[in-house]
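**Q** Sequence:
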Amino acid sequence: MVSCKNHQDKTKEKSGFYPIFNGKNLEGWYGDVTYWSVKDGILTGEVTSETILKRNSFVIYEKEQPVNFELKLEYRISESGNSGVNYRSEKIEKIPFALRGYQSDIDGKNKYTGQNYEEKKRTTLAYIGEKVIIESMPDTISLANLRKNVKKNCWQTRNVVASLGDKKELKKSIKDTNWNTMHLIVKDNRMQHFVNGVLMSDVTDLDTKNRSNKGFIGVQVHVGPPMKVEYKNMYLKKH
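Position in the sequence shown (from 1) plus 10 gives the number in our numbering.
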């Protein structure tokens, strides 16, 4: 008898997708086991009242740094949770389990889920429901002082060129505290974030000084109250 999971795996393989999480352990991943573990085939990030974070902590897929790709996964997050899927990201020297780079945001209250947020760099690039072009950074701003181009946690050199739909309506497609699918399509300088098949944000990054063309994939537990986030069925396809 062939299980549904085996059938799903074979279908993914035929379409060019392959698993990056084996469902058994953290092989191929690097993270702080205080927060990250594998339970019942699920990659689990958990912060308790005894393990409150002082800074965000990632578990990082170390086997490759894809350039153009699609990533499909399922996630579930507690109401108080704050997480995200990073990609084309770099490790930060002297800060363990940290990443700098693009992130498809995830939070339990679904205020930010699916937006494009650049962790430890340019901050918000696109909110939910936005199609955005990131323009070149002004010459008056140095790479060492990017915060000058950030206001209210949002990068200022961005142009919203279209709406992807009403934000409230888009959020209705997200299931609270239940399993959701996330699909990232990353090609050249364009990044699209889908949740349950709905396009939440679409960014074209023309900022050659700051954009990243390749890097690590990782998932996050965020500073804040106790929380839990779970990931499963994580598949990558390179283009």
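Misleading hints may appear alongside valid ones.
What the hints assert, rightly or not - Across the chosen pairs, the derived CB separations fall in these ranges: (1) ILE105 to LEU36: 12 to 22 Å; (2) LEU36 to THR150: 23 to 33 Å; (3) LYS158 to GLU74: 46 to 56 Å; (4) VAL171 to THR218: 11 to 21 Å; (5) PRO236 to GLU37: 42 to 52 Å; (6) SER173 to SER47: 38 to 48 Å; (7) LYS178 to THR44: 31 to 41 Å; (8) ASP149 to ARG200: 38 to 48 Å; (9) GLY51 to ILE151: 17 to 27 Å.
As the list claims (entries may be wrong) - Here are the simulated DSS-like cross-link-like pairs (lysine-lysine), alpha carbons at most 27 Å apart as the crow flies: (10) LYS224 to LYS247; (11) LYS141 to LYS34; (12) LYS197 to LYS104; (13) LYS121 to LYS73; (14) LYS247 to LYS34; (15) LYS162 to LYS131; (16) LYS131 to LYS161; (17) LYS197 to LYS73; (18) LYS131 to LYS238; (19) LYS248 to LYS131.
Quick caveat, the hints were computed from the structure, so don't treat them as lab data.
Here a beta-carbon is modelled for each residue, glycine too, at the ideal position from N, C-alpha and C.
**Q** Work down the list of hints and note, for each, if the structure agrees.
**A** Okay, the hints, checked on the actual structure:
1. Judged by the Cβ atoms, the range 12 to 22 Å given for ILE105 and LEU36 holds: they are separated by roughly 20 Å.
2. At about 44 Å, the CB distance of LEU36 to THR150 disagrees with the hint of 23 to 33 Å.
3. Distance hint check for LYS158 and GLU74: the Cβ-Cβ separation is about 34 Å, which falls outside the suggested range of 46 to 56 Å.
4. The hint said 11 to 21 Å for the Cβ distance between VAL171 and THR218, and at roughly 19 Å that hint holds.
5. At roughly 27 Å, the beta carbons of PRO236 and GLU37 sit outside the given window of 42 to 52 Å.
6. Between SER173 and SER47 the beta carbon distance is about 40 Å. The supplied range of 38 to 48 Å therefore holds.
7. In this structure the supplied range 31 to 41 Å holds for LYS178 paired with THR44, their Cβ-Cβ distance being about 37 Å.
8. The hint said 38 to 48 Å for the Cβ distance between ASP149 and ARG200, and at roughly 25 Å that hint is violated.
9. The supplied range of 17 to 27 Å is broken by GLY51 and ILE151, whose beta-carbon atoms lie about 46 Å from each other.
10. Restraint check for LYS224 and LYS247: satisfied, since their Cα atoms lie roughly 14 Å apart, inside the 27 Å limit.
11. Only pairs whose Cα atoms come within 27 Å are accepted, and LYS141 paired with LYS34 is rejected, the gap being roughly 38 Å.
12. Only pairs whose Cα atoms come within 27 Å are accepted, and LYS197 paired with LYS104 is rejected, the gap being roughly 30 Å.
13. Restraint check: the Cα-Cα separation between LYS121 and LYS73 comes to about 32 Å, which exceeds 27 Å; the hinted pair is violated.
14. Taken as a hint, the LYS247 and LYS34 pair is honoured in the structure, with Cα atoms around 21 Å apart against an allowance of 27 Å.
15. At most 27 Å may separate the alpha-carbon atoms for a hinted pair to count; LYS162 and LYS131 meet this at roughly 14 Å.
16. A hinted pair counts as satisfied when its Cα atoms are at most 27 Å apart, and LYS131 with LYS161 qualifies at roughly 13 Å.
17. Between LYS197 and LYS73 the alpha-carbon distance is near 20 Å, which keeps this suggested pair within the 27 Å criterion.
18. For a cut-off of 27 Å, the pair hint linking LYS131 to LYS238 stands: about 25 Å separates their Cα positions.
19. For the suggested pair LYS248 and LYS131, the alpha carbons sit about 25 Å apart, so the restraint of at most 27 Å is met.
Of the hints listed earlier, those the structure fails to meet are numbers 2, 3, 5, 8, 9, 11, 12, 13, in rising order.
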